[in-house]
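Student: Residue numbers (our numbering), protein chains in the order written: chain A, 1 to 111; chain B, 1 to 114.
In case anyone wonders, no lab produced these hints; they're calculated from the structure. Keep in mind that the hints are not guaranteed to be accurate.
Cut-off 27 Å, straight-line C-alpha distance, at most; resulting in silico cross-link-like pairs (DSS-like, lysine-lysine) [claimed, not checked]:
1) B:53 - A:98
2) B:57 - B:18
3) A:70 - B:53
4) B:18 - A:36
5) B:3 - A:51
6) B:3 - B:57
7) A:98 - B:55
8) B:71 - B:55
9) B:70 - B:57
Chain A is nowhere near these chain B residues, computed Cβ spacing over 12 Å in every case [said to hold, decoys possible]:
10) 20
11) 28
12) 30
13) 59
14) 84
15) 102
16) 107
Now the stretches of chain A that chain B is said to cover, found in silico as 3 or more residues with beta-carbon under 8 Å [claimed, not checked]:
17) 34-43
18) 97-110
By construction, the Cβ of each residue, glycine as well, lies at the ideal position given by its N, Cα and C atoms.
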Amino acid sequence: GQQLNQSPQSMFIQEGEDVSMNCTSSSIFNTWLWYKQDPGEGPVLLIALYKAGELTSNGRLTAQFGITRKDSFLNISASIPSDVGIYFCAGPTSGTYKYIFGTGTRLKVLA
Amino acid sequence: DVKVTQSSRYLVKRTGEKVFLECVQDMDHENMFWYRQDPGLGLRLIYFSYDVKMKEKGDIPEGYSVSREKKERFSLILESASTNQTSMYLCASSLGVANTGELFFGEGSRLTVL
Chain A
1 GQQLNQSPQS MFIQEGEDVS MNCTSSSIFN TWLWYKQDPG EGPVLLIALY KAGELTSNGR
61 LTAQFGITRK DSFLNISASI PSDVGIYFCA GPTSGTYKYI FGTGTRLKVL A
Chain B
1 DVKVTQSSRY LVKRTGEKVF LECVQDMDHE NMFWYRQDPG LGLRLIYFSY DVKMKEKGDI
61 PEGYSVSREK KERFSLILES ASTNQTSMYL CASSLGVANT GELFFGEGSR LTVL
């Protein structure tokens, strides 16, 4: 099925570093959602974005809704070991009940 | 906070058994979904429901059925489990008919079919 493209696919970073990842689509979205999923657990909603250009923070996490409405970005500042996991974006398709999900970015933090 | 609760975190069943996966949400959401998640395939929609007793097939409904008798509860049924249904099953819910809202997931149910 259709997926949103995320990059990078995976990344190793040192504890304390900042992390950036993005999500792109070939079509416009009106809502962008960012999730974190730990192994064996369900995804947890981190941030929701509703307006082009919007910048929203949740603790050390900041996400932005791209101006073109075809992309979104997630930044994590001062990473800590518990940030390890898979981050993925998602968005509802207009006029349907379906959500499209990103391919995921696997984050590994080196202490 | 929205809470989506899945009844079983881990199940092991035998081929041919009937399997019930239960999901309950506590935020009066109209929409509820069942997905399965497999490595390399991402999240795939099995069924969704936009109201009590209403259901729509998703992308991979074969081998599954659902039931929504009450607004807060959405059940996934495997009539005759097969080994290719071994997977992580995720229930989710969202608010609103316009589908512009946040989607909340349960903790997941890891099903192994032997």
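Student: Now look at each hint and say whether the structure bears it out.
Tutor: Going down the list of hints, with the structure as the test:
1. B:53 - A:98: holds (19 Å)
2. B:57 - B:18: Between residue 57 of chain B and residue 18 of chain B the Cα gap is close to 20 Å, so the pair holds against 27 Å.
3. A:70 - B:53: violated (35 Å)
4. B:18 - A:36: Between residue 18 of chain B and residue 36 of chain A the Cα gap is close to 32 Å, so the pair fails against 27 Å, i.e. violated.
5. B:3 - A:51: With a Cα-Cα distance of about 26 Å, the restraint between residue 3 of chain B and residue 51 of chain A holds, given a limit of 27 Å.
6. B:3 - B:57: Distance ~24 Å between residue 3 of chain B and residue 57 of chain B Cα, so the pair holds.
7. A:98 - B:55: holds (13 Å)
8. B:71 - B:55: Holds: residue 71 of chain B and residue 55 of chain B sit about 12 Å apart, inside 27 Å.
9. B:70 - B:57: holds (19 Å)
10. 20: Given a closest Cβ separation of 18 Å, the condition holds.
11. 28: holds (17 Å)
12. 30: The assertion about residue 30 of chain B is violated, with a minimum of 10 Å to chain A.
13. 59: At about 5 Å from chain A, residue 59 of chain B fails to clear the 12 Å cut-off, so the statement is violated.
14. 84: Given that every Cβ of chain A is farther than 12 Å from that of residue 84 of chain B, nearest at about 18 Å, it holds.
15. 102: Non-interface label on residue 102 of chain B violated, nearest chain A Cβ at 5 Å vs cutoff 12 Å.
16. 107: Nearest chain A Cβ is 5 Å from residue 107 of chain B, so the label is violated.
17. 34-43: holds (count 5)
18. 97-110: With 6 residues closer than 8 Å to chain B, the stretch 97-110 of chain A meets the three-residue bar; holds.
Going through the hint list in order, the structure does not satisfy hints 3, 4, 12, 13, 15 and 16.
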